[in-house]
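Student: Chain A is already provided as a structure; the job is to place chain B on it using the hints.
There are 2 protein chains.
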Amino acid sequence: SEQRQWPCSPSPSSPCSLAGAVARWQGEGRVAVWLHVPILQSRFAAAAASQGFAFHHAEQGSSTLTLWLGEGPSRLPGYATHQLGVAGAVLDESTGKVLVVQDRNRTINAWKFPGGLSNPGEDIGDTAVREVFEETGIKSEFKSILSIRQQHKHPGAFGKSDMYIICRLQPSSFSISFCQQECLRCEWMDLNELARTKHTTPITSNVAKLLLYGYREGFDKIDITMREFPAVYTGVFYKLYHRELPESYRNIT
Amino acid sequence: SEQRQWPCSPSPSSPCSLAGAVARWQGEGRVAVWLHVPILQSRFAAAAASQGFAFHHAEQGSSTLTLWLGEGPSRLPGYATHQLGVAGAVLDESTGKVLVVQDRNRTINAWKFPGGLSNPGEDIGDTAVREVFEETGIKSEFKSILSIRQQHKHPGAFGKSDMYIICRLQPSSFSISFCQQECLRCEWMDLNELARTKHTTPITSNVAKLLLYGYREGFDKIDITMREFPAVYTGVFYKLYHRELPESYRNIT
Chain A
1 SEQRQWPCSP SPSSPCSLAG AVARWQGEGR VAVWLHVPIL QSRFAAAAAS QGFAFHHAEQ
61 GSSTLTLWLG EGPSRLPGYA THQLGVAGAV LDESTGKVLV VQDRNRTINA WKFPGGLSNP
121 GEDIGDTAVR EVFEETGIKS EFKSILSIRQ QHKHPGAFGK SDMYIICRLQ PSSFSISFCQ
181 QECLRCEWMD LNELARTKHT TPITSNVAKL LLYGYREGFD KIDITMREFP AVYTGVFYKL
241 YHRELPESYR NIT
Chain B
1 SEQRQWPCSP SPSSPCSLAG AVARWQGEGR VAVWLHVPIL QSRFAAAAAS QGFAFHHAEQ
61 GSSTLTLWLG EGPSRLPGYA THQLGVAGAV LDESTGKVLV VQDRNRTINA WKFPGGLSNP
121 GEDIGDTAVR EVFEETGIKS EFKSILSIRQ QHKHPGAFGK SDMYIICRLQ PSSFSISFCQ
181 QECLRCEWMD LNELARTKHT TPITSNVAKL LLYGYREGFD KIDITMREFP AVYTGVFYKL
241 YHRELPESYR NIT
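One line per chain: the protein sequences are A and B, in this order.
Numbering follows full-length UniProt numbering, with no gaps: position 234 of the first sequence is 234.
Numbering follows full-length UniProt numbering, with no gaps: position 10 of the second sequence is 10.
Looking at chain A on its own, in the form it has when it is part of the complex (with noise of 0.2 Å):
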């Protein structure tokens, strides 16, 4: 496939002159076009969408138009289909407790784990403990993963997938301090409590039983636990989510 910045001529009014350049790279055996075109000069993407391209994607300053020349339905590779929302499930051992927040716009009178989207490169645990803290003043440490979800056509996310997160966090602080724009209440809650109100979501209630389960029996029965690899190429380390697997079974040779 092409790769270019458009435009080869910096006149407006020149769909003629792409007209013939797609000609000529499908002539050539090309399967596809890509243009990369910054904002300022987005009436090429007009003319470029009259020859038939369409977007890509595009963010902030520029956008990235597609146009498929190969046999059939296009194999181009899509964008990015999901955001990701995770959420902390901060279990105070001692005691027993469960924070817990009830959301001043959405869900209304329905105890929910705090929580939010992740920003682009951050790790699931960092923004567990991130969010956890925005929202309710609380520190805390990732332990695992508890539960994944997955919803599309989300309206939250403008029609693309949501996958949703929850994961065991350890807290480190105790005091309440929760955002007041966000928030209209934030408590240390019962875990007993909140495994049986009515009041929270199916997945908050499902996700207490589960927490009340390895409270009561032993983390080890309820843990998504994290490994850390290095990446084949890059060196660099990426994160591996798993059951719990015996030394004797990861040192197999």
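Derived BS3-like pairs (lysine-lysine); straight-line CA-CA distance at most 25 Å:
1) K239(A) / K198(B)
2) K221(B) / K221(A)
3) K239(A) / K112(B)
Read the hints as simulated data drawn from the structure, not as lab findings.
Tutor: Same frame as chain A, now just chain B:
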């Protein structure tokens, strides 16, 4: 915030009218403006950019721009941050062999589980089953999630993050007919061998060891299982993945 289809005035040379509108919205105390611009009218994206707007996202035939008018940094939600890749670890329990492929274009001489990017709106298990079938011709059924990996600034994701999930699948057909475009090789490999070979990626090796542990000592040791729940408002069902929760805890009231 203000949502509108621009232009109110159809003149391409009307940045001044937008500037006036922005000043009025700011005077009214609005904190943000969203503009939806059809691709053929993209010259208005350029005019809006000269007034401080930037792309929030774009797809196919339209782009969405935002301008933050509130105090401090923008608190507007971002767009989708992750692509989702799903692979299938298909284990034939009767032989102890697992389905592996070598990619034609990427990691050379490394055995991997077949998989690929999820389509928009597709559930995790469905992506695994579809990709396994497309790459290898093997039919299978989703059993559980085995692992989750998150990587950032992913070269194959246009700089966005990548979530990569490996599922455990049970085969219902066994005769391989692999895709020559994508795969160089495809075979049923002894799971003991995959857990030990150097000709694989760290993540595949690790998940092979995990699968071997489950094969020998019970899949309940490794599975992250799926349950369905109704969404709060819509009544649509969604899938929640977590460790097995005993009935006695599910039914707490």
